[in-house]
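> Keeping their order, the protein sequence lines are chains A and B.
Residue numbers for the first sequence follow UniProt numbering, beginning at 1 and rising by one.
Residue numbers for the second sequence follow UniProt numbering, beginning at 1 and rising by one.
For the record, the hints were derived by calculation from the structure and aren't laboratory data.
If you're wondering where the values come from, they're calculated on a predicted model, not measured in any experiment.
Note that beta-carbon positions come from the ideal geometry of N, C-alpha and C, so glycine has one too.
Treat the hints with care, as some may be off.
[To be verified] If you want a taste of the chain A side facing chain B, the calculated C-beta under 10 Å gives, among others:
hint : residue
1    : 50
2    : 76
3    : 97
4    : 462
5    : 465
6    : 469
7    : 470
There are 2 protein chains.
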Amino acid sequence: MGKNKQDQKQDLKTAKGTRDWSDEDQNVLKGILDTISRVIRENAGKELVTPVFELEEVLKGKYGEDSKLIYDLKDQGGEALSLRYDLTVPFARWLAMNPNISNYKRLAVDKVWRRDQPALAKGRLREFYQCDLDFAGPSDPMIADSEIIAIIVEVFETLGWNGRYTVKLNDRRVLDGMFEVCGVPEDKLRPISSAVDKLDKAPWEEVRREMVETKGLEPEVADKIKGYVMLKGGKDLVEKLQKDEALMANPKAKLGIEEMSLLFRYLAAWKVVDKVNFDLSLARGLDYYTGIIYEVRAEESTSFSAFDTPTSNGATSQPEKPKQESKKKEKKPVAEDEDRSDDPSVTVGSVAAGGRYDNLVSRFRPNANVPCVGVSFGINRIFAITKERIAKGEKFDYITDNAMDVYVMAFGSDMTESRIAKKPKPNVQYKFAETAGAPLGIILGEEEEKNGELRIKRLGIQDEKEKERLGELADKGIVVKMADVGKECRRLLDEVKLEQKTQSLSLK
Amino acid sequence: MGKNKQDQKQDLKTAKGTRDWSDEDQNVLKGILDTISRVIRENAGKELVTPVFELEEVLKGKYGEDSKLIYDLKDQGGEALSLRYDLTVPFARWLAMNPNISNYKRLAVDKVWRRDQPALAKGRLREFYQCDLDFAGPSDPMIADSEIIAIIVEVFETLGWNGRYTVKLNDRRVLDGMFEVCGVPEDKLRPISSAVDKLDKAPWEEVRREMVETKGLEPEVADKIKGYVMLKGGKDLVEKLQKDEALMANPKAKLGIEEMSLLFRYLAAWKVVDKVNFDLSLARGLDYYTGIIYEVRAEESTSFSAFDTPTSNGATSQPEKPKQESKKKEKKPVAEDEDRSDDPSVTVGSVAAGGRYDNLVSRFRPNANVPCVGVSFGINRIFAITKERIAKGEKFDYITDNAMDVYVMAFGSDMTESRIAKKPKPNVQYKFAETAGAPLGIILGEEEEKNGELRIKRLGIQDEKEKERLGELADKGIVVKMADVGKECRRLLDEVKLEQKTQSLSLK
């Protein structure tokens with residue numbers, strides 16, 4: 001170990017945009033992950049675990065501009081490998097590799113990596129958790145889609161969010177058809193779509209400027225778009241669009257709107273229609289969606305003051321910001337994601353998102369007919385909101401402390417075996433302490449600790465009469481003030497010695 | 001999605017030495033991981049999750065020759081990063097970063113990566129699972145060490161291994177002291193130690209040749225070593241060594257042997273002494289051990305015929321080998337690990353291993369006094385053995401199938417909402433089916449399916465009198481042979497229609 005000198009120089013930290021998870025944060029994280037997984041399992045989701053890295057070519061060309069965020073591994077004389085960017089593409093790769101599978105409900109709980117600008121305050125890390133549910137295989141229109149949305153609602157209700165979220169809905173076909181009707185050229189569909197997607201964070205003027213000035217859209221086309229993308233609603237909006245002759249003359253938009261109408265019928269059957277909001281400005285960044293898309297927004301804005309991501313030295317990275325400031329800045333126009341990255345008062349954005357992607361599997365296995373629809377829960381954002389709510393005094397029954405330690409210290413002469421402190425399981429404790437022949441156990445329990453007390457128990461008493469004689473002391477133990485523990489132990493140990501002497505005398 | 005042509009050419013597979021986990025394999029894996037984690041949690045282990053990659057310098061110089069197996073990431077204008085090689089060094093890095101933590105029982109369940117030659121048949125992959133328990137912080141000699149060994153035994157008993165394993169024990173101080181007494185020069189300590197470590201797989205002659213011919217040890221020194229490393233036993237061996245004056249004159253060996261004697265007292269107290277075997281040939285490869293070391297060996301050899309790791313096309317990679325062949329080859333002398341890598345009949349080796357490493361934390365934070373002792377369970381090997389046992393007919397109650405699907409199909413005219421098949425949770429099913437107004441539900445339950453039967457149930461009956469009239473049909477549903485389901489449904493639907501007509505007539 002003679003390398004200490006060299007090691008001393010090194011910076012002690014985790015890699016940029018990553019963090020360790022321990023103690024309270026780990027308990028909160030685990031509570032969230034376990035709860036979401038359980039709900040998904042109960043809805044027949046089967047877990048699939050894929051490697052953290054894929055062949056580079058598996059990920060290539062699947063994420064549009066975001067491909068630049070993929071972590072590549074060094075070529076070490078073998079394959080070109082990349083850390084996965086999401087859990088969706090590996091699922092599609094797996095489906096393509098397993099042509100015998102025609103129908104699958106997939107659960108995945110795992111980390112993904114994006115070499116993005118980290119913004120700890122927003123819960124945006126380079127290594128983060130996703131929890132995905134995907135339905136693969138043909139089904140009648142909107143059947144699987146509606147079930148996924150029902151499960152999303154079930155997840156957030158089980159998490160105790162109590163309706164404090166909205167599932168925003170749109171459909172790629174409605175969106176693209178609408179753009180076509182407005183006169184957006186085909187090569188500008190995705191860029192304009194991605195500009196529209198910013199409307200939840202930026203005002204129309206800002207988005208319009210991006211469309212016209214940056215992306216070269218005709219101003220009158222942009223203004224037509226405005227007439228649509230400001231529309232939000234429920235079944236009423238579907239009915240309104242059904243009366244829009246221009247839109248209904250576009251085959252894509254027509255199909256999308258008709259299926260959206262069907263979806264609302266099913267959502268009513270699932271009793272979740274009050275949780276959804278049809279929003280024509282929702283676009284979603286990823287290329288592979290082909291039908292319905294959705295995004296779950298938490299209804300509160302959060303400044304993430306409670307999100308104490310440890311920095312390299314273990315301190316909290318974000319000072320607590322007063323809520324006012326957060327409210328004030330909320331509507332600040334921001335066009336580029338980079339501009340927002342260091343602003344801790346930005347709202348959390350979506351806590352879950354997904355949609356239908358019918359053609360992704362056939363990217364890997366041509367002519368495969370494995371339509372899919374899925375959702376990805378943004379665990380780190382859910383975690384950040386949960387932490388903030390806990391800080392405000394909310395309780396979540398699925399988040400537990402570490403099991404209370406029960407301490408047993410056993411005293412006696414030459415009883416080294418019994419000096420092990422801090423044993424966890426009472427039964428193991430007793431097993432050990434009694435085998436070691438310790439006459440006394442000190443038990444520090446949750447309840448007692450609160451009162452500054454602990455229990456002292458006589459151990460190793462087998463004789464029933466003796467047990468009766470000793471009463472509470474040999475049963476649950478007697479409760480003693482912590483300050484008195486030394487005195488009490490000495491007194492009891494003297495008693496024990498006296499007993500042992502008497503016994504050994506009577507044996508003679 | 002016009003990239004199909006390009007994509008068609010790509011090889012559809014996971015990266016070399018990695019695999020997907022799904023369905024039965026995933027259930028077995030999850031059963032094992034959950035069981036081990038639960039036992040460790042019950043023993044007060046708290047989960048720590050670290051990033052999959054660390055700064056390159058964190059891992060550098062910690063693994064001796066094996067450092068060449070570390071996966072490095074491409075430098076992308078930022079930090080030099082490496083995928084973690086084990087869960088121990090990241091734990092030490094975390095302890096060093098958190099100087100306020102003086103005592104910790106750490107649980108970790110996660111993947112690690114080693115760019116080793118994959119040998120699927122032996123369960124050796126490049127991406128694999130470890131489950132670690134580590135105690136950090138000072139404790140009296142062998143207290144924590146004995147508890148870790150007791151927990152190892154508890155883990156394998158809880159896994160249902162029923163004593164079919166041995167915990168091999170040794171101590172680095174005994175080993176090094178013994179080498180010194182035999183006359184091994186200091187610079188040859190670790191190389192000779194690593195040669196000795198091969199004695200479980202190769203005969204003495206082979207190991208001696210490596211020591212003398214490859215590593216330049218004097219022949220008479222090698223022969224002295226033989227006198228020690230063939231020794232195996234329990235407390236008796238400790239006592240034998242305590243009478244070895246040459247050995248007891250070496251301070252390192254003396255301390256090691258005295259503490260080994262203490263350890264055996266504690267192991268007796270834990271009632272696990274029959275599970276351990278003191279073996280002077282156990283050396284362990286890693287550099288960082290400073291005291292006790294241990295390795296758990298499964299008592300059976302396995303050819304891993306049941307370990308059906310899927311290859312890129314989903315087929316099983318290893319043809320089943322007859323047991324005879326495996327037995328025959330078992331004793332084949334092999335000096336270099338590389339030589340064994342393609343031999344599927346080699347025994348599985350250790351299923352858990354660990355030891356005391358008192359100086360690792362101070363590699364990151366000089367003068368830190370955080371002695372540690374820990375164990376790492378080799379999940380993929382435990383998985384491989386479990387699969388083989390399952391194939392032989394053994395049952396493990398902690399491995400469950402996916403929850404039985406319950407199918408509900410509801411019939412009716414223009415009732416698209418109710419045509420969703422394969423719903424998982426009966427209550428959700430009924431909720432949906434009844435909300436949709438379906439008059440009949442078909443329930444495929446586990447019990448009925450075994451008998452080629454299913455249940456048909458009348459849904460949506462609110463009226464108590466009506467429920468009473470319909471009896472079983474409106475309660476649990478009537479049991480019907482699968483062949484008769486069409487006929488029965490038609491009959492019942494006719495009844496429903498008749499009722500509805502009567503109702504509508506009576507309302508007029």
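> Against this structure, judge whether each hint is valid.
Comparing the hints with the structure gives:
With 10 Å as the threshold, the beta carbon of residue 50 of chain A comes within range of chain B, its nearest partner Cβ sitting at about 5 Å, so the hint holds. Proximity of residue 76 of chain A to chain B holds as hinted, the smallest CB-CB distance being about 6 Å (cut-off 10 Å). Satisfaction of the interface hint for residue 97 of chain A is found here, the shortest Cβ-Cβ separation to chain B being roughly 5 Å, below the 10 Å cut-off. Annotation: interface hint on residue 462 of chain A violated; nearest CB of chain B at approximately 17 Å, more than 10 Å.
Taking 10 Å as the C-beta contact cut-off toward chain B, the hint placing residue 465 of chain A at the interface is violated, the least distance being around 27 Å. A distance limit of 10 Å between C-beta atoms decides the matter here; for residue 469 of chain A the minimum to chain B is near 27 Å, and the interface restraint is violated. The restraint placing residue 470 of chain A at the interface with chain B is violated, with a minimum CB-CB distance near 24 Å, outside the 10 Å limit.
Checked against the numbered hints given earlier, this structure breaks hints 4, 5, 6 and 7; the rest are met.
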